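Given two chains presented individually in distinct reference frames, assemble the corresponding complex, making use of the accompanying hints.
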Amino acid sequence: MPKLAPKGLVILAALALPLVFNEAFYQHIMIAAVINIILAVSLGIIVGYIGELSLAHGAFYGIGAYTSALLMVKLGLPFVAAFPLSVVSAGFMGLIIGIPSLRLSGHYFAIATLGFQGIVVLLIINLVDLTRGPMGLPGIPSPGTLEIFGWTISFGDKLAFYYLAFAVMIVVLILVRNLLRYKFGEAFIATREDSLLAASLGVHPRNCRMLAFVVSTALAGAAGSLYAHYTMFISPDSFTLGESIYLVTMVIVGGRGTIVGPVVGAVLLTALPEVLRFAGDLQFVIYGLMLMLVVIFLPKGIVGLVEQTKQRGASLEN
Amino acid sequence: MDFLKISNLSKSYGGVDANSDISLSIRENEIVSIIGPNGAGKTTLFDLITGVTRADSGSVLFQGTEMSHMATSEIAKLGVVRTFQQTKIFRDLTVLEAVMVGHHLHDHTSLWQSLLANRTARDQKQKKQEHALEILEFMGMADKKDLVTQNLPYGEQKLLNVAIALAVEPKLLLLDEPAAGMNPMESMRMLGTIRKIQETGITVGLVEHNMRLVMNISERVFVLDYGELIAEGEPEEIRANPKVIEVYLGRQASA
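Protein chains in written order, with our numbering: chain F, 1 to 318; chain V, 1001 to 1255.
Only chain V is shown next, with the shape it has when bound in the complex (with noise of 0.2 Å):
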């Protein structure tokens, strides 16, 4: 069985086609990544995968449960989890507790047992707490758990991004242009990052223009072009082929 299994994805937004016919699998615990010219539907992929927006047909399914039909806080809950382009996240809050969030789903505090404030909710306020920390801790964030988000330099809000992302404890964790605009110092770091996460267990999709970072570290790319997948395969290849050469070149002028 596929870790996850897309098959037939389309979505048209008025008369153009996004996602075209899409169908691609991701094996367990590898990384991949999705490349492609600007508008050429990567995004919309994710959104489709994780239900933010709803596929016109096809199927997504993740361990054999069919997601194309769910809300994305169902799909969550599933263990798929994704993150946005934007930085600028939570702005009022400290990292510490944009984290804490993202471990909403683990605090199994009922209602009245938070009306109270009784043991359980402090309790389990109290791990998501230390859960939080301990992310913070792997992505290297700890010293910056006090300070509001907002004032987070650029790179360390798209580490935010991800941090929060991991507190949901994903299965597959999808992430987007998690290192676009970083300086190639910041870019190391991500890339490091995304290694260590794959070290723990979970499976993650990019969504990449950084092609140093994505043929450093895929072991899989997807190429996408005008909503259609015109090529799969290692690093490797993708960087002969003559379609994707094409694409990102040009086509060489005919004699």
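Isolated chain F (complex conformation) (with noise of 0.2 Å):
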């Protein structure tokens, strides 16, 4: 565990960024980066800590987002209500599908969540009625303002946004850690490693990763609902099998099985295709390419090597 002190001047940095850079273009970033750290760490709770990977996470993102902007939108719901509901509509999605996939492991449960991405594109392109289909939902409101001491704050406004964004990302951040700290972290790694051994000592394998799963789809309907009151506008486009994979990626080359990981992960993914741009098309190999090359070098990611040079930092000082 890494001491508080660095921690908290992170945190302190996060904050002072988009005063430093306060050009529209990098705030836009920065709040992506936001939300994807929010996806990347619940994604890792399925992929590091009951070592499934799911190729559904896009689809329960989409689910928060159309849930938060469909309240909004057609029942006028002010944005406290529909946040939440939309949290709990992407863990109760996640609790249906669940059921029969978790049944399932390895290849088997990967595919099984690969159906359910494809079966929530289709759907979202064929109601079109609720969600207007491939033209995609606009005139989402932005969560509106909020009064305090006489100053009024507007999250339209993009500065304004990114904390809002970063204070969810901290509350997500705080959960996951106790929930993977405490008694349900142990009994998710004992099912991981070995669930037969885990069952004989009284951990309910099935139960474990149940609810490893709702809670990291849940999460990902909080990161659904703050994409969809930030860009105002979303499509199919977003929620596709593609963002799944990009999503799984973090993770992976973050770092499994940490909190940091899918962190380091998310914002280097994100800003990664600003800095590919020049390269087009390409980008997209280059992705794959490191992948790949994280895979086979660095199975533990980007953190797993710090831990490694750091350990043999330490042991040549011995």
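Wrong hints could be hidden among the right ones.
Below, simulated DSBU-like cross-link-like pairs (lysine-lysine); rule was C-alpha separation at most 30 Å, straight line [as the list claims (entries may be wrong)]:
(1) 1145/V x 310/F
(2) 1171/V x 1196/V
(3) 300/F x 1145/V
Which chain V residues stay away from chain F? Per the calculated CB distances, all over 10 Å, these [said to hold, decoys possible]:
(4) 1147
(5) 1151
(6) 1212
Keep in mind the hints are simulated off the structure, nothing from the lab. This structure is a prediction, so every number in the text was calculated from the model and none was measured. Each residue gets a CB set at the ideal place from its N, CA and C atoms; glycine is no exception.
And the structure:
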């Protein structure tokens, strides 16, 4: 566990960042990074702690986004109501999908989630009356305004929205850390390592896996809601299989089985497309290559590499 | 009432009877061993008792509760815990963490308490840690608590198996070949440990090939061959039983 001080510094730096780089373009990337961190960290529970590959995280992200958007657009609910409901609906769908698919593991589980991912995109495209299908859903209101001590903060503003998203991200990180640190995190790892042994110690493997999956998908819903009210326009293109694979890449490149790993991966892979913009379509080839290289040479991701060098340094000192 | 009572338990894989019509019972706080040649169905019997595989027919009563339909984790809740033959368990955890996993059932943190990391969550984790340390001290492994399990020497990996199972606070502990592959020193240590476990009031069932250990420690021995129970009795009786000798040494050539 890293010490508190550097963690605090990173948070301070992240809070100051949009003030220093105050152009809209940079602020946009920072907001995207924060949303991606929520997605990657939540996916990391499944990929890193119960050791299954989910290819449906983009779909749960989309469920959160559409739930939140539709609740505000069609029913006129305020953001404070739409946001938690999008978390609940994504988590509920996670439960429904988890019941059959968590009976499977390994490749079979991945294929099952792949199927669900496809179904969700098809539903969004074909439920035209509700979602306007491939045309996308425009006119989603921003989270609105907040009045504190006579100040009016409008979350339509990029800077304010960044801090809102950042606050949500911090809450998500704390919840995930707590979940993984106590009873359930230990049970997840035991189930991942040896589910038969875990069961013989009284851990209920299927319940454990279900809990991890539901928490993970619910948090993807939170990210979806933030995204919808940030861009104010959503279409099925944002929640495709490509998005799911992109999120898996973040977790694996950053380092699975940790919380820092997906955070690092998310920041890196949010910034990378901007850096690689000159490469055009070639950038997807570069992602693929990067994923392959990481899987082969850095099975524990960037965070694993850092740990390794630290240990090597320590053993040299001794 | 018998502590553990197995009646007419059968399991076949394809045409092979792994266990056929086995009936036996274990009394409270005794040490019993199940022996027999390779493939006699000893591990299958453990699998059936602990719900790892489901029996084709028959019943398993533990303190009067029928367990043959129960899931492994529910059986563990009743206090019947088994070890597996494998070493390399929870390889990335430290020894202490691995033993803490064993105490999972006694951790009463709810999901909300854990998400909020409140006092209960922290207290329960603290308690679990203390309990795991006590067990490691009992096993004589306290000095290894911070080692990653895969770095333990072989003999201690086997002991760790037992330590993790003990953390569940079992009433009946089933050990699957705890001394397999051990050198004489290590198996003496295992023997001592099993005795100590019995002294704490736990009933122990063993599957073991190490005859010196079996004959030394067991109050009663059951012999399986081709899935059938062919003999049961005290070690002395078993040693003198012609059927058992035949199974182990082969039939005397008839003149």
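Requested in this report: Taking the shortest Cβ-to-Cβ distance between residue 1212/V and chain F, state whether it exceeds 10 Å.
Outcome: holds (28 Å)
Query raised in the report: Within 30 Å, alpha carbon to alpha carbon, are residue 1171/V and residue 1196/V?
Result: Cα-Cα ~14 Å, so holds.
Query raised in the report: Any Cβ of chain F at or closer than 10 Å to residue 1151/V, or is the non-interface label fine?
Result: holds (13 Å)
Query raised in the report: Does residue 1145/V pair with residue 310/F here, judged by a C-alpha cut-off of 30 Å?
Result: holds (22 Å)
**Report entry** Given pair status - residue 1145/V, residue 300/F, alpha carbons within 30 Å
**Finding:** holds (24 Å)
Query raised in the report: Are all beta-carbon distances from residue 1147/V to chain F longer than 10 Å?
Result: At roughly 14 Å from the nearest Cβ of chain F, residue 1147/V sits farther out than 10 Å, so the non-interface label holds.
Violated hints are absent here; each numbered hint is respected by the structure.
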